[in-house]
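**Q** As a plain string of letters, each chain reads:
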Amino acid sequence: MAQANDNAVLKSIMVTFKAEAEEHLLAISEGLTELRRMPPSGARAEVVERIYRDTHSLKGAARSVGLEMIEAICQTLEDVFAAVKNTELPVSDGLSAAVQTVLEEVRRLVEGRKTMAANTWEIVAALKAAIDPQPETATPISEPDAPVSGPPSSQTGAAPSAAAVEAAEPDETSHEPLADTVRVPVARLEALLRLVEELLRIELMSTQRSAETATLLEMHGAWTKRWNGLVPAIVSSGRDLDTTSAEVKPEPASGPEECLADAGRELSAFHSALKGFSTRLDVDRRWTSSILDHLLASAKEVLMLQFSVMGQMLTRMAAELSRAECKPVALTVHGTHIKIEKRVLDEMNDPLIHLIRNCVGHGIEPAEVRRRLGKPECGAIKVSLSQKDGNKVEICVEDDGAGIDCARVKASAIKSGLLDAAEAGNLDDGEILSLIFRSGVSTSQIITSLSGRGLGLAIVSEKVEKLGGRVRVDSTPGQGTRIRLLLPATLATFRGTLVRAGDRSFVMPTDSVAKAIRFSADQIHSVESRETIAFAGRAISFVKLADVLGIPDRQTGENKGQVTALVVHSAGRYIGLGISEVLGEQEILVRSLGPQLASVTNISGAAMLGSGALVPILNVADLMRSASAFCGAPRPADPAPDASGEVKSLLVVEDSVTSRVLLKSILQAAGYEVTTAVDGMDAFTTMRTTRFDLVVSDVEMPRMNGFELTTRIRQDAAFKEMPVVLVTARESREDKERGIECGANAYIVKSSFDQTNLLSVIEGLL
Amino acid sequence: MNTASHTDQSILDARARELARPISRRTSAEGQLAVVEFQLAHECYAIESRFVAEVFPFGDITPLPSTPAFVVGIVNFRGRVLSVIDLKFFFQLPMKGLNDRNRAIVLRSGNMEFGVLVDAMHGTRRIAQETLQEALPTLSGIREKYLKGVTPDGVVVLDGGKLLADDALVVRDRTNKGEREP
Amino acid sequence: MSLEPTTSMLPDGGRHVVVIRFGDIRIALRLSVVERVIRAVTVTTVADAPADVGGLVNVHGTVIPILDIRCVFGVPRKAIVPADLFVIAGAGQRRVAIPVEEVLGVAKPAPGAAVPAGDILPGLVGFIEGAVTLEDSMILIYDLERFLRKNGSFLFDHVVPGVSP
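Going line by line, the protein sequences match chains A, B and C. Residue numbering for the first sequence follows the working numbering, beginning at 1 and increasing consecutively. Residue numbering for the second sequence follows the working numbering, beginning at 1001 and increasing consecutively. Residue numbering for the third sequence follows the working numbering, beginning at 2001 and increasing consecutively.
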């Protein structure tokens, strides 16, 4: 039992150690690179000190988990750095390389290897030898009670340099930064960040509540206005009554007038109370919103990583690829100190690997070609990170290789059917270059294990766009290629444009939207089987979003002749997507579709709106593909029927504007299409022109009441099967009976009228 | 009822006692399957309770374009996104439209989780494992794939584990994979 | 517009019905509303219940009301005997047990079978949803769901959830 516990503890300690060790190794190796570039100066000492401490900490950590080999190596390294620190021992290329090799070995040990490469000890020994001649010079201050004095019990031992170690042992400050540092697994921080992001829903919700309150206020305003208009009429009719039948109404005429005036005052008091509430709600919302923004920013800050983490990985990879391809290549990384959110960095892992593979695979020419061209034999790849405006960073991957052969890109695009020769002729170089980000286009004439399938760059562009970023490429033939990835430094929310297509809502990432436009339908040109519109002086494909997605497109009558479209772009291509309307723009919280929907064409996730409603987020790169597939294919005569069933259409008959709005919103929220009529007569006329599935009617109405309407409906051969639900304030048995008599299918009394009751009645009848 | 003879009454009483007994108590828990019983179209189905995380009445469902017909859509499941599928599609049962009484049985195991649309819930019961019969010849192929057995009273017991493990139910479209080149 | 969303979309028209008999009356119930048929059991009577409520019966821990169909159709009452059957029918929470003397079988109505005018039983008015021919005689299909929806609430007033474990 105790054994098992110990094992578990050890296991978790090892996880912690690995993480810590990796950080130290990274810091040491970075520091070393920095040191090599630096002229000897005051700043140099600082860097050396940092390396020294990192080594020392790593040694201590290794000892605490019983990794003697690492401890022994660190001891030697510590000695070396102590010597550098105290004696201005120059950091020669040889020394640096040897240290890097040793660090690589330590990294492997940390990762769980049990043995070391045969020559490692030789290198360690050589390092030791390099500093041994001057041990006596390394004794500036002596601290006899330094903690690191226990003899390392490794197979080699480090006894010869023990004196140097003790002498060079820095004061306890090397541990001080740790004193107010807490080591937390990334997974836990990510969970925390996710929770904080959940809080954003509160912000979205309160925005929604604010809007709802504004609607209430508006409704109440309308009511007040109507009331004020009615009062004189009531008063005058009351007077008429008084004059005609004064003896029947003995009270003074001022009685009802006073009552009306009272009611009017109450109404306006309520109105100002509601107004005050609305204002306070707004203030609360702004306050919440600002606090949440701060909270989210701080939470993200915690998960920011330096780009150097990625840089190391890329450098190693380039070295491996260089060996495998037998091309001498040197990769340098710049801007390693800039921080990016871990999730963004994680997402960029694959794209950067692809880009480096591309550079080595077909950017950089073989050595003999380079020699012939008078270029340095060793190809240079430069990866640099720079901070841009507005929380953006740019990763730039440059090589000094052959550049991109536009003719070959064009040929490949034509071959893969993306373009026809005529279209290709019209493209400028920039447009042609952007083609490399599309699937199936490759400039490589042979497929190697590294590249040539034409998929790599398509993935780069998709990943970048998924994060709300953008890819740019420029290339000078013979000089090299530069690919720039503009990315958000932090992730999570993005701006989304909420649109309606057919009767569904979708979110389009605002970063992908070039413009929302409205134009008349005759501006759509048909070129062969495709439709195009003019945008920014050129023709771009136009297709209806509903058609691309295969959902029914309901054209509302009033908009006939006018077309609303979003011009979206991906990988340098533009397309016009016809939509029903733009509903607005807002911060969107992205959610995955769950494990069962691992990936869905055209949909990248779901957004949860303030109301809790889910809206699919469109994937622009996919849409482009689907749209071109759609344009190419003949238009289907009959779009696939919607699997979820058609939307039922209801007619709501109500003379009171408030009740009408209320009923309409309840029913719309339940997913029905709702048309309204102000009385029975209006309803019956509307029914003649429009088909409905069910009628919900008030009873008391001017011109034609609910009973009369029901009777008319039942008498008409066209409607006698039409379900009718009567909703009324009258709770009398006679009325109920009358309702059933005249053929209503349900009779709901308003006092017992809650939405679930109404909805279940309607649902039961449909 | 007062005219019933003495023996008749005792027969009826005995039957009433038998009928009243909760199914779970009829035999020991050994060899018993706890199941959640529900209705799909006009047929009765059940799934073992251990795969059922919860029964969730949902309001709005957001249909997703570009998904197979068996995917009904996504719902807001306590602040999370839950996909809901309709098994009726596989069982060649009529696909009714949705209504506000729709419920989803949330199936969960390991990392997989989804909702199964049901037309009505009948509650939980226990089924003696040995009374389960093999597939009826009328069950179509795919139903047999997920079949655990059929109870004597005709309830089709589905194998929740197989449903959850079936990769064919996971939508993984061709594009947008980000797979590395080999 | 269909009032029978459950059945109209079934591949075979979904119109299979179960024909039941009590006294001299034969009516049909849609198969889709019939859950199962059990042999009659002793019924717990309910004091002060309306005439249509024949009592309560405990089905595996769920208490469901007895719909006294004889009373609904104005047939004289009779004691329940062991040869009787209970048809358990309804949907979801709204389930009832209907005591009958015989279940005559499952039939499929002829499409467009006309509902005979005149001599319609009092209990059926408003709840006929078709007719089926069985052994040359016309049997009306009783819309139980609609009946329960419209008049059924009293049936369930007496059911206390969780009366029995």
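Hints are not guaranteed to be accurate.
[Said to hold, decoys possible] Straight-line C-alpha distance at most 16 Å; calculated EDC-like pairs for lysine to aspartate or glutamate: (1) C:Lys2150 with A:Glu587; (2) A:Lys18 with A:Glu122; (3) A:Lys648 with A:Asp682; (4) A:Lys339 with A:Glu23; (5) A:Lys275 with A:Glu218; (6) A:Lys648 with B:Asp1060; (7) C:Lys2108 with C:Glu2135; (8) A:Lys720 with A:Glu708; (9) C:Lys2150 with C:Asp2084; (10) C:Lys2150 with A:Glu763; (11) C:Lys2078 with B:Asp1008; (12) A:Lys18 with A:Glu49; (13) B:Lys1162 with B:Glu1113; (14) A:Lys466 with A:Glu347; (15) C:Lys2150 with A:Glu737.
What the hints contain is simulated information worked out from the structure, not anything from laboratory work.
**Q** Does each hint fit the structure? Answer for all of them.
**A** Tested hints:
At most 16 Å may separate the alpha-carbon atoms for a hinted pair to count; Lys2150 of chain C and Glu587 of chain A exceed this at roughly 47 Å. A distance of roughly 25 Å separates the Cα atoms of Lys18 of chain A and Glu122 of chain A; the hinted pair therefore is violated under the 16 Å criterion. Between Lys648 of chain A and Asp682 of chain A, the direct Cα distance comes to roughly 20 Å. Violation of the 16 Å bound is thereby established for this hinted pair. Under the criterion of a C-alpha separation no larger than 16 Å, the hint pairing Lys339 of chain A with Glu23 of chain A is consistent with the structure, at around 15 Å.
About 10 Å separates the Cα atoms of Lys275 of chain A and Glu218 of chain A, which keeps this hinted pair within 16 Å; it holds. For the suggested pair Lys648 of chain A and Asp1060 of chain B, the alpha carbons sit about 15 Å apart, so the restraint of at most 16 Å is met. As the CA atoms of Lys2108 of chain C and Glu2135 of chain C are separated by approximately 12 Å, the hinted pair is consistent with the 16 Å bound. Between Lys720 of chain A and Glu708 of chain A the CA atoms are separated by roughly 14 Å; this keeps the pair inside 16 Å, and the hint holds.
Distance hint between Lys2150 of chain C and Asp2084 of chain C is unfulfilled; the C-alpha atoms sit about 27 Å from each other, more than 16 Å. Pair hint Lys2150 of chain C plus Glu763 of chain A holds up; C-alpha atoms about 14 Å apart against a cutoff of 16 Å. Between the alpha carbons of Lys2078 of chain C and Asp1008 of chain B the distance comes to roughly 14 Å, so the proposed pair stays at or under 16 Å and holds. For a cut-off of 16 Å, the pair hint linking Lys18 of chain A to Glu49 of chain A is broken: about 23 Å separates their Cα positions.
A hinted pair counts as satisfied when its Cα atoms are at most 16 Å apart, and Lys1162 of chain B with Glu1113 of chain B qualifies at roughly 13 Å. Taking the CA atoms of Lys466 of chain A and Glu347 of chain A, the gap is about 9 Å. The hint holds against a cut of 16 Å. This hinted pair checks out: Lys2150 of chain C and Glu737 of chain A have alpha carbons roughly 13 Å apart, not beyond 16 Å.
In the structure shown, a violation is registered for the earlier hints numbered 1, 2, 3, 9, 12, in ascending order.
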